[in-house]
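Chain by chain, the residues:
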Amino acid sequence: MNSITNFLSHFFVTGDPMIYGADVSIVLVTLAIFFVLTYFKKWKWLWQEWLTTTDHKKIGIMYIIAALLMFFRGGVDALMMRTQLALPGMTFLNSDHYNQVFTTHGTIMIIFAAMPFIFGLMNIAVPLQIGARDVAFPFLNAVSFWLFFAGAMLFNLSFVIGGSPDAGWSAYAPYAGTELNPGVGENYYLLAVQISGIGSLATGINFLVTILKMRAPGMTLFKMPMFSWSILITSVIMIFAFPAFTVALALMTVDRIFGGHFFTIASGGSPMLWANLFWFWGHPEVYIVLLPVFGIFSEVIATFAHKTLFGYAIMVWSMVAISLLSFITWLHHFFTMGNTAPVNAFFSISTMLIAIPTGVKIFNWLFTLNKGRIHFTTPMLWALAFIPNFTIGGVTGVMLAMAPADYQYHNSAFLVAHFHSTLIAGTVFGIFCGLHYWWPKMFGYLLDEKRGKWAFWVFMISFNICFMPMYFLGLMGQTRRMYTYPAGLGWGPVNFVITIGAFGMGVGFVIMAYNIIWSALHGKRDTTGDPWDGRTLEWSIPSPAAEYNFATIPTVSTRDAFEAMKEDKRAGKEKAPAAYKPIHMPNNSAIPVVMSAFMFIAGFGFVFWWFWMAIPGVIGVIGCMIARSFVYNDAHLIPVEEIERTERAAGRLS
Amino acid sequence: MQENENQPIRQEHAGFPWKQVIGLLLSLALTFLALWIAVGLSLPVNVTIAIIVALAIFQAFIQLFMFMHVTEGTEPVHQLISILFGIYVAFAVVAGTIWILYAQMG
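These protein sequence lines are chains C and W, in that order. Residue 654, in this note's numbering, is where the first sequence stops; the numbers in between run on with no holes. Residue 106, in this note's numbering, is where the second sequence stops; the numbers in between run on with no holes.
Possibly wrong hints are sitting among the right ones.
Claimed, not checked - Derived Cβ-Cβ restraints for the label pairs, each shown as a range:
id: 1; chain 1: W; residue 1: 99; chain 2: C; residue 2: 482; range: 40 to 50 Å
id: 2; chain 1: W; residue 1: 101; chain 2: C; residue 2: 306; range: 32 to 42 Å
id: 3; chain 1: W; residue 1: 101; chain 2: C; residue 2: 43; range: 33 to 43 Å
id: 4; chain 1: C; residue 1: 552; chain 2: W; residue 2: 83; range: 50 to 60 Å
id: 5; chain 1: C; residue 1: 644; chain 2: W; residue 2: 26; range: 45 to 55 Å
id: 6; chain 1: W; residue 1: 52; chain 2: C; residue 2: 552; range: 54 to 64 Å
id: 7; chain 1: C; residue 1: 16; chain 2: W; residue 2: 103; range: 21 to 31 Å
id: 8; chain 1: W; residue 1: 47; chain 2: C; residue 2: 20; range: 51 to 61 Å
id: 9; chain 1: W; residue 1: 49; chain 2: C; residue 2: 490; range: 32 to 42 Å
id: 10; chain 1: W; residue 1: 47; chain 2: C; residue 2: 161; range: 40 to 50 Å
id: 11; chain 1: W; residue 1: 51; chain 2: C; residue 2: 20; range: 40 to 50 Å
Treat the hints as calculated values from the structure; they're not laboratory data. All values derive from a computational prediction rather than experimental measurement. For every residue, glycine included, the Cβ atom is placed at its ideal position computed from N, Cα and C.
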């Protein structure tokens, strides 16, 4: 009996009232979901329409729902940290708990919120923009989503079962090794990030092939919409950057689970090699979450300035330059680890060089706005706010790139302010911009403009209240990742202002969530499929798009293909629509969701060194792969009558 | 742009996939050979590294030709660009890591 109590008190995280509150709410929410699904008899619907789907639009929506949930979790972590730092000597969190909270905040925001949100938007928009009916590998796409989901759930389990990782999102050795960190927390980090990383790699391959092979006839690479270009280049970066991280995580897993010595201090390991490999992935990762939003802003700015994008070819080549340079700047994350002057000088210069193509893009957006007929819609507001706010983050990045000066800024609140200026003003503004922009295409109604603008202004102003003072706080000497500070240093008032800004951003997020619910009930229907007077092909089809996207595949002859079609129509040169043909579409499959359940079981087993659980999980994953290889008929034909019925219902056929 | 019509990709189930099986066996053999050379033999470190790097390059070619259809496809420029990008990234991580870790200030 004693041993059982002992086991349970280590298995479940105990002793903190906030964790008990979380336990209760997890159980209640789970029960509520089961009750609602059972009461309304929705289990079958959930399984057939969503869990087993291979439709890129539905997978995109699931990515976005999961990412919004993770964004909420990461945001609550941020507010807990800011509450603890609001006043000197606060005792809201103890130091261990604070370490866990900043670790999960960073990991969740980058890996389980920003990336899946971007994957969601690209799943929805890319096939529609290039005139395709699905991605190249729809089954693999579902596998990618479910692997991400399994990883996210495994990671989030850590704070109620076993304990959270506490070595930062960068999990530096040797602190993340078993000697200094004996619990299961870092195991959660390694396994959860590894599982979702496999999904990310597969997504990169999927979208590279989709964009290269499935464009509509006539759409050469240089006639593609800019968002699709940004995803093409992001996919290349993902394919080449993720393997370094996969290897680094695997080596540290060998260290922690099987007693290896790759990153230990003893027995010939090299702790610095972890930092080196981590950032070899970690720096390109910055561009994995930034280039897609550059693409979103390019679409939105061109659409609402009612002009074609300025300097299209230069935009493409600057992204290519960024993709090449992003692989040779990684050392700037550890200038202070005792490198020689030539090493620091090389990486300092390469880091400054990457600012040039980024600056070129900023000017291209400004010239696109120049003399445009600008409509200040909610997505456009996010895009316009991005330009100055992101530029501040970019300029402080060049300051940090100077290796000698970095010895002053390193690990200070100045650095924290810098990367939040790029990741919030860039990535977060971008995903909110894309969410409002493509929402009608996803659901067939618009998000409310008035409430959307409220959310924008509250979030954007609070963002500046939060992070502008933080630069100065860093210069005053406050370092990152410290859980409290004494009153005598004079940091209290600035910290209090920052905390007000952080809660303001929380309010902005809540208003946006309210807007989503309000608009679901009262939102304006999008009956035309083209609510924004769009320029690219996704606006040429009804909202929401039919299962097969395009009843007939369009032929493209210029950039801004849909704008050209509309001009032809105004000039009376509209082409007669082609006759419908049966459409070949992928079948649903239960294998991805089952496989990810086995992956979760295997991951959980490895986290606790329970090989009796891990090995059956791995066998289950392999079994799913074998089962899949015997599926010979994985597609069905949609007959012409059904296409006619669907198009007639959408008002496209009289 | 045949792909765009979403036609089923022509399945080639004719015969046993000898190429893949041979590729798998060769990959396994090369991997265990490298392991044995590093763990089972006590050669000088430089010799061990040279041999396992040579085996790794050999295995990379097996992957490219046996599994990754490097000789197929309609647009060889895609293959060329991705292989060049791969060489660039591999060079960056290997040469960069060696330079960084061996040029530490003492």
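Going down the list of hints, with the structure as the test:
1. W:99 x C:482: 40 to 50 Å: violated (33 Å)
2. W:101 x C:306: 32 to 42 Å: Because 53 Å falls outside the window, the suggested range is violated.
3. W:101 x C:43: 33 to 43 Å: Once the Cβ atoms are compared, 54 Å apart, the range 33 to 43 Å for residue 43 of chain C and residue 101 of chain W is violated.
4. C:552 x W:83: 50 to 60 Å: violated (37 Å)
5. C:644 x W:26: 45 to 55 Å: Holds - the Cβ-Cβ distance for residue 644 of chain C and residue 26 of chain W, about 54 Å, lies within 45 to 55 Å.
6. W:52 x C:552: 54 to 64 Å: Holds - the Cβ-Cβ distance for residue 52 of chain W and residue 552 of chain C, about 55 Å, lies within 54 to 64 Å.
7. C:16 x W:103: 21 to 31 Å: violated (46 Å)
8. W:47 x C:20: 51 to 61 Å: holds (60 Å)
9. W:49 x C:490: 32 to 42 Å: Violated, since residue 49 of chain W and residue 490 of chain C (Cβ atoms, about 55 Å apart) do not stay within the stated range.
10. W:47 x C:161: 40 to 50 Å: holds (48 Å)
11. W:51 x C:20: 40 to 50 Å: violated (57 Å)
Violated hints, in rising order: 1, 2, 3, 4, 7, 9, 11; the structure is consistent with all others.
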